[in-house]
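**Q** All chains should be modelled from the sequences, with the hints used to inform the complete structure.
For the record, the sequence lines run as chains A and B. For the first sequence, the residue numbers in this note's numbering are 1022 to 1138. For the second sequence, the residue numbers in this note's numbering are 90 to 202.
Check each hint, because a few of them may be wrong.
[What the hints assert, rightly or not] Straight-line alpha carbon distances no greater than 20 Å define the calculated EDC-like cross-link-like pairs of lysine to aspartate or glutamate that follow:
#1 Lys1094/A / Glu1065/A
#2 Lys1125/A / Glu119/B
#3 Lys1125/A / Asp127/B
#4 Lys1125/A / Asp1047/A
#5 Lys98/B / Asp195/B
#6 Lys1037/A / Asp1076/A
#7 Lys1024/A / Glu161/B
#8 Lys1091/A / Asp1043/A
#9 Lys1125/A / Asp195/B
#10 Lys98/B / Asp145/B
#11 Lys1125/A / Glu148/B
#12 Lys98/B / Glu1065/A
#13 Lys1024/A / Asp1050/A
#14 Lys1125/A / Asp145/B
#15 Lys1037/A / Glu1117/A
#16 Lys1024/A / Glu148/B
#17 Lys1024/A / Asp1043/A
#18 Lys1024/A / Asp127/B
#19 Lys1125/A / Glu161/B
FYI, nobody ran anything at the bench for these hints, they're computed from the structure.
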Amino acid sequence: AQKITQTQPGMFVQEKEAVTLDCTYDTSDPSYGLFWYKQPSSGEMIFLIYQGSYDQQNATEGRYSLNFQKARKSANLVISASQLGDSAMYFCAMREGRAGTASKLTFGTGTRLQVTL
Amino acid sequence: NAGVTQTPKFQVLKTGQSMTLQCAQDMNHEYMSWYRQDPGMGLRLIHYSVGAGITDQGEVPNGYNVSRSTTEDFPLRLLSAAPSQTSVYFCASSPFGPIQPQHFGDGTRLSIL
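**A** Okay, structure coming up:
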């Protein structure tokens, strides 16, 4: 079974609109962390936002927020006020277990976001 | 700030050749990892290390070796290159701590003919 599922291969959004990128995960470990990365066409991986399984509030970082629904095992990324520079691949990733496994991330297959004028 | 440095950026090999992909970080991070990225499959973990002298296998370790003799360096060795190893390889590092994000290098694009 896929541990991280991103069901949207591609998404379009108009500039200045908000967009939600879906991510569901599967784990039986009570301690885990969820990450979102952005990969522009230049290829580098850019960290965007993190949500821990014990965090009570949804994470936010500037225009990025994470809609964390623990019971549904979903961790959707919300980008507000989209900009042309947001066009990229977006990956959801999960780290399971305690701090000693921080170097092991499981990635989803990604969502390609295209921001249009 | 150098961060995570991968060399080379591009490489073409013939089947059966061996080579080493270099990865160095100057942030004194304990954790380092190697991933490969194939079209439509996201990133998959090859090997990882939680500190100097300690390495372990990830999801797709076959055909690759690693070592971690220093905190800074984490080279990935292809023992006998195969066309199935054509991919983009990313090295990443992170400091100790459950919420620390991984910092990625710019990747090495490897083609095996």
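**Q** Does the structure break any of the earlier hints, and which numbers would those be?
**A** 1, 6, 7, 10 and 15
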